[in-house]
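For this one, chain A is given, so just place chain B on it according to the hints.
So the sequence lines, in the order shown, correspond to chains A and B. The numbering of the first sequence is the numbering used here, which starts it at 1 and goes up by one. The numbering of the second sequence is the numbering used here, which starts it at 308 and goes up by one.
If a hint is listed, it holds; no wrong ones were tucked in.
Per label pair, the in silico range of CB-to-CB distance:
1. B/ASN592 - A/TYR28: 32 to 42 Å
2. B/ASN592 - A/VAL74: 43 to 53 Å
3. A/GLN75 - B/ALA530: 55 to 65 Å
None of these hints come from the bench; they were simulated from the model. The C-beta atom is built at its ideal place from N, Cα and C for all residues, glycine as well.
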Amino acid sequence: MGRYVARRLLLTIPVLIGASFLIFALVYALPGDPIRALGGDRPLSPAVQAELREEFNLNDPFVIQYVKYLGDLVQGDFGTDFRGREVLDTIEQRLPVTVRLTVVAIAIEAVIGIIAGVLAGIRRNGFLDNLVLVSSTIIVSIPILVLAFVAQFVFGLQFGWFPIAGIGDGWYSYLLPGMVLAAGSLAYVARLTRTSVAENLRGDYVRTARAKGLPKRTVIVRHTLRNSLIPVVTFIGADIGTLMGGAIVTESVFNLPGLGRAVYDAIRAQEGAVVVGIVTLFVFFFIFFNLVVDVLYAVLDPRIRYD
Amino acid sequence: MTDRNRRGTAVDQQQADLRHDEVQAGTQTGLDEPDVDVTDARQNSLWSDAWGELKRNPLFWIGSLLALGFVVMALFPSLFARGADPRDCSLANSQGKPSAEHWFGFDQQGCDYLANVVYGARNSLIIGLLAVAVVLVMGILVGAVAGFFGGGVDSLLSRITDIFYALPLVLGALVVLRSGTLGRGVVAVAIALAAFGWMTAMRLVRSQVIAVKSSDYVAAARAMGASNGRILVRHILPNAVAPVLVYTTITIGVLIAAEATLTYLGVGLQRPAISWGLQIDAGQNLLRVSPHLVLFPSLALTLTVMAFVMLGDALRDALDPRQRA
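Isolated chain A, as found in the complex (with noise of 0.2 Å):
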């Protein structure tokens, strides 16, 4: 297990280095000026110019650009933006509202999309197995900015239940946006249990534990739910990374200052050390989780040997 994880780890590093390196490419190529775009109306003056082209290596042939961008990030410095503003900062400031929002919404896909996926597991073609079906195969249908617009018009104007935009109420805030970004997985999750648990309630462990009376709550709860659950809550984990990573469009629609929001402002306004910086982030939050899924999937299931 030890020697799996520290391969896993290993073979991160490699991963990391090649998509902060292609974003970075990818940064490079945005056309325009960014110094001279710095002046706006009144240009500065060639030698500021200049010497802020050299403080920013953007005099450099691209790759030794990046070289001395990585091993700044490796010293943990990511750099500062053209107008002097340490990177690290606007991520301190811009992740607790991605994470919070991540929260939220890993909180709802995970009691709402469990619960509707146990209901419809429990009596499968019933009622309720076909409600979640019919209704997760439409909300999995519906992109997230039509969903956005959708949440904002209808629960936030018409009906005035939530804040439309901003992060003035604190967590009530993120209640609708992480609905929103939540209901895809949440879709996902109920179909993920409802087919995990329909197959284990046909295990014959289940039928053990219904042969020797145990009431139906028992045989459900204690026996079947724990190993329905396994691929459910890995899905979950690896959830995670991908939300924050993820959220673009919700923090835009919803207007909430989080690293989704920080990084489109900084690809309009060609700030490279940001978007560089940010995307990296959510590179290395992905390919954590991921990590972790995967660890805690031997963890949960002792059938996983990992060698």
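For chain B alone, coordinates are given in the frame of chain A:
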């Protein structure tokens, strides 16, 4: 089991659903059981079984009808526009509400909105189909090479795939399109989407190739002197057709939604192109006064995506006997 596939560019919700295909493909024909015996006769019965299953599935018929409807709409939009021209606008009608005469009302410029929404189908479908074609070409090529040759080639290609995989789809496409090296047209958007969307196809094909490459009939073909290329194309890849077909169908929907998202974020298609993403973007500021401006393109977009998701779901149920309870 060690090679459980993971995906995560799930900026878009449907992508979560695709994980299902992958997990299926990864475990069902995983490394543990390399001797999947798929002969021609069984292939045939798989397809005829599948058709029998499909015929009885309402999802399949709803999905097909919707998809067909939108394809016809993309090909002959004038049939659906009730005689209105999307570019024939009069400011006097600005933001007109839906009426018996003009079912979808008018947009801010006073253009007939039904015509605009109908004409939007073409760009969405072209981008979805074009992007999925590129995804398939890249996925099959890279996946087949990685799975077939194994060893160092496989490691290298798999790591490259991991790198792309870890980048969110919309984010990657956003930067590519913003850089403007491809331009901002239909082809550019399709390529940008495909560039960050091919990884699942690659993994699917790779796992299928690994699953069957050591089977007896491949060894027989090799013994008869068949070249690598022939073995791949004639004997190995046909096994991947079923899972790839399911994946492709759902992915068309995913990519169409992603196109609207990119366009909404301001890096996809640009005016004067007619696109649902542009319509949603223009309508969002008027959400309070004229919600129909967001509603109708959203509805068209959702129905299109739903058509392909339903078709994919139905195909998966039909093609994967393990799912039949």
